[in-house]
Amino acid sequence: MITIKNLHASIDGKEILKGLTLEVPAGQVHAIMGPNGAGKSTLASVLAGREDYEVTEGSVDFDGVDLLELSTEDRAREGMFLAFQYPVEIPGVSNVNFLRTALNEIREYRGKEAISAKDFMAMVREKSAIVELDPKLASRAVNEGFSGGEKKRNEIFQMAMLEPKLAILDETDSGLDIDALRIVANGVNKLRSEKNATIVITHYQRLLDYIIPDVVHVLYNGRIVKSGPKELALELEEKGYDWIKAEQEAK
Amino acid sequence: MSETQTDRTLSSFTKHLRQTEISLPAHLITTSLNELNGKSFPTTRSEAWKYTRLTKLSKLSPTLASKQDGTNGTPFAIHSTGNFLVLENGAIHLDASRFETVTGLTIKRFSECNAEELQHIGSLLTLENEPFNALNTAYLQEGIFIQIADKVQIEAPIELIHLLSKVECSATIRLYIHVGKFAKAEMTIGTWAAGADKSILNAVTEIHVGEGAHFTLQKLQCEDEGNFQICTEEITQDKDSVFTMHTVTLNGTLVRNNVRVRVNGTNCETNLYGAYLLKGNQHTDNHTVIDHMMPHCNSNELYKGVIDEQATAVFNGKVFVRKDAQKINAFQSNGNVLMTDTAAVNSKPELEIYADDVKCSHGSTTGQLDEEAVFYLQSRGISERSARNLLVEAFIGEVLDKNDNQDFVAKTNAILNERFGWER
Ligand SMILES: Nc1ncnc2c1ncn2[C@@H]1O[C@H](COP(=O)(O)OP(=O)(O)OP(=O)(O)O)[C@@H](O)[C@H]1O
Ligand SMILES: [Mg+2]
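Quick mapping for you: the protein sequence lines, in order, are chains S and C.
Under my numbering, the letters of the first sequence match residues 1 to 251, in that order.
Under my numbering, the letters of the second sequence match residues 1 to 424, in that order.
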């Protein structure tokens, strides 16, 4: 689904990603863990196409297309979705209104007809039920006045609506209570299939009890320094990152 | 400063114009002529014109142009039902208008008014140091007198269409509106240009809102980038009345709006809403005054602007609360979004309060679109252009949505679509 090779990216002249290599095949869920400031959100932003970052080296193949050549919106239209660590509030723009615009622009890009108002509303009902999002929230202004948990659920709701090939969830679990966590994880699991892939960025092993990853990666100092089965997450939670740092310094 | 402040005389501006033939009170004509004689256009040295340069306008020597035979008002009409009256280049054009008799509504020309009716006209209009008001008196071309009888409710909005259709011409028009006690009516004024260039509309509207009356005025300013308009609205409210005004400015090289509301009775409500969407080299200047002279009143003022390309805007809003005007709630706010580095705005909200038991707030914000929000929308598959449009619409929608007149909103949206490619 996605193949990242030797990716280097910097912001304001400071290099954050320093030769990151990662491959996530279709049908799999990969978790990325790592200490604060390691570059996890940077990776998500670079993949989503945030212009503040400059890619200086490396390549990203996204299901056969050169991702780095595409604009942010075209990446989304190709099937990339980022659930933001900090979703923005957009006063005055209604959730459903903007989602209809998004869905139709994506469909147009793929040469499909615009969705009818009736089908769209049916879809909103179905997908908001998956994440147990109050339909009232669906029609309110994007994230405005939403609680932290509601914002995260809204991200997954949007993901459900847009049906991406690759979803990157950046700390979607932080700030969620156990019920919300279960709901969000449930939503992600329902949307999993052989044709799509998910990258879950998290600090907490508990999420991975619900969303079982195929591979766990450790991102440290701008690179993937360790990869392993789901048990690696448990080990990281127990021992912290000091042993990883020590290992790296020894090299 | 290197700028040239050409003090162009008003007499060079009026040299092709004709002094009014309308029998306004004689002392008003005398005062106005004195104000114009030997004087120049105000420069940016004067407080009222600090950020609005009249240089281009003052270089004109416009002529009087007449209406044209085949003119059809319908394409400019905002409402599909009710009256509309076309004033082309300042001349009343009945053939281009649509007229239906409405019980309780009188619309006539000043020339058809009796002396008693004429004596109210101009009684509250400041002429001193207000050259455009003086011009609108001494060089008045046409006056329309509108009266809504007491206790009458007029269903369809009364519409006035100002059309400029000749090059370098001047249209000088006065409206006098008397809203009777407990009456209710709505008026729409559209300003348009077709085939005009370097022409100027000078329109003064005097409105008296009687006791317990409700009156709404909505203006759609849509001239093009070649033409000018200076509009002055002088409103007086009697007790228990509600006055609401919407000023939507979508086009015009230089648009100046002077609105003054004298709230001269208790228990009144005043709402001033303004939206300006500018691009190119347009300039729009909104000067408003709400003068609370009596206690127990509420006023709301919200003006918002989106300024693109090299366009510039001015907002100057004053709210006065006089000494005996206790228990006033006055809210005023101006917000601006600058779409480019070259767009600019000067915003000055002002409160002057002489009473002690009042609740007033005012504020002004100017900024760019939230780039985080643009990125968020793009990351969902929305093009950058649509993302910006969505955000701009949300911003300006707050004020456009204050108007519940469907026709007016639809026309506004149609022009926004045509001019900015926005779909609302
Ligand atoms: N504009 C900037 N200029 C310089 N450094 C920056 C800038 N923006 C972010 N950084 C740095 O980039 C590094 C990586 O940040 P990033 O947000 O990717 O970390 P993260 O792994 O997501 O951390 P967390 O677990 O706290 O979310 C941090 O050290 C951060 O301070
Ligand atoms: Mg992060």
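Heads up, some of the hints might be wrong.
To be verified - Here are the simulated lysine-lysine pairs, DSBU-like style, with alpha carbons at most 30 Å apart:
hint, chain 1, residue 1, chain 2, residue 2
1, C, K348, C, K50
2, C, K323, C, K50
3, S, K136, C, K402
4, C, K239, C, K151
5, C, K348, C, K59
6, C, K402, S, K118
To be verified - Derived CB-CB ranges, DEER-like:
hint, chain 1, residue 1, chain 2, residue 2, range
7, S, S116, C, R419, 28 to 38 Å
8, C, D370, S, G149, 14 to 24 Å
9, S, N221, C, D370, 25 to 35 Å
10, S, D63, C, D370, 27 to 37 Å
11, C, D370, S, K190, 24 to 34 Å
12, C, R419, S, I178, 14 to 24 Å
13, C, A355, S, I178, 53 to 63 Å
14, S, S116, C, E418, 21 to 31 Å
15, C, A414, S, I178, 44 to 54 Å
16, S, D214, C, G421, 25 to 35 Å
17, S, S10, C, D370, 37 to 47 Å
Just so you know, these hints were derived from the structure itself, not from any lab.
Beta carbons: idealized from backbone N, C-alpha and C, even for Gly.
So, going through the hints one by one against the coordinates:
1. For the hint pairing C/K348 with C/K50, the CA-to-CA distance comes to about 12 Å; that is within 30 Å, so the pair holds.
2. Between C/K323 and C/K50 the alpha-carbon distance is near 29 Å, which keeps this suggested pair within the 30 Å criterion.
3. The hinted pair formed by S/K136 and C/K402 meets the criterion: a straight-line CA distance of about 23 Å does not exceed 30 Å.
4. This hinted pair checks out: C/K239 and C/K151 have alpha carbons roughly 15 Å apart, not beyond 30 Å.
5. A threshold of 30 Å between alpha carbons decides the hint, and for C/K348 with C/K59 the separation of about 28 Å falls inside it, so the pair holds.
6. Annotation: proposed proximity of C/K402 to S/K118 holds, straight-line Cα distance about 28 Å (limit 30 Å).
7. Between S/S116 and C/R419, the C-beta spacing of about 29 Å keeps the proposed range 28 to 38 Å intact.
8. Checked against the given bound of 14 to 24 Å, the beta carbons of C/D370 and S/G149, roughly 23 Å apart, stay inside it.
9. For the pair S/N221 and C/D370, the supplied restraint of 25 to 35 Å holds, since their beta-carbon distance comes to about 32 Å.
10. Checked against the hint of 27 to 37 Å, the C-beta distance between S/D63 and C/D370 comes to roughly 31 Å, which is consistent with it.
11. Checked against the hint of 24 to 34 Å, the C-beta distance between C/D370 and S/K190 comes to roughly 32 Å, which is consistent with it.
12. The supplied range of 14 to 24 Å is broken by C/R419 and S/I178, whose beta-carbon atoms lie about 52 Å from each other.
13. In this structure the hint that C/A355 and S/I178 lie 53 to 63 Å apart at CB holds, the actual value being about 56 Å.
14. The hint said 21 to 31 Å for the Cβ distance between S/S116 and C/E418, and at roughly 26 Å that hint holds.
15. Separation of C/A414 from S/I178 is about 52 Å and conforms to the stated range, judged on CB atoms against 44 to 54 Å.
16. Here the CB-CB span from S/D214 to C/G421 is close to 46 Å, at odds with the stated 25 to 35 Å.
17. Judged by the Cβ atoms, the range 37 to 47 Å given for S/S10 and C/D370 is violated: they are separated by roughly 24 Å.
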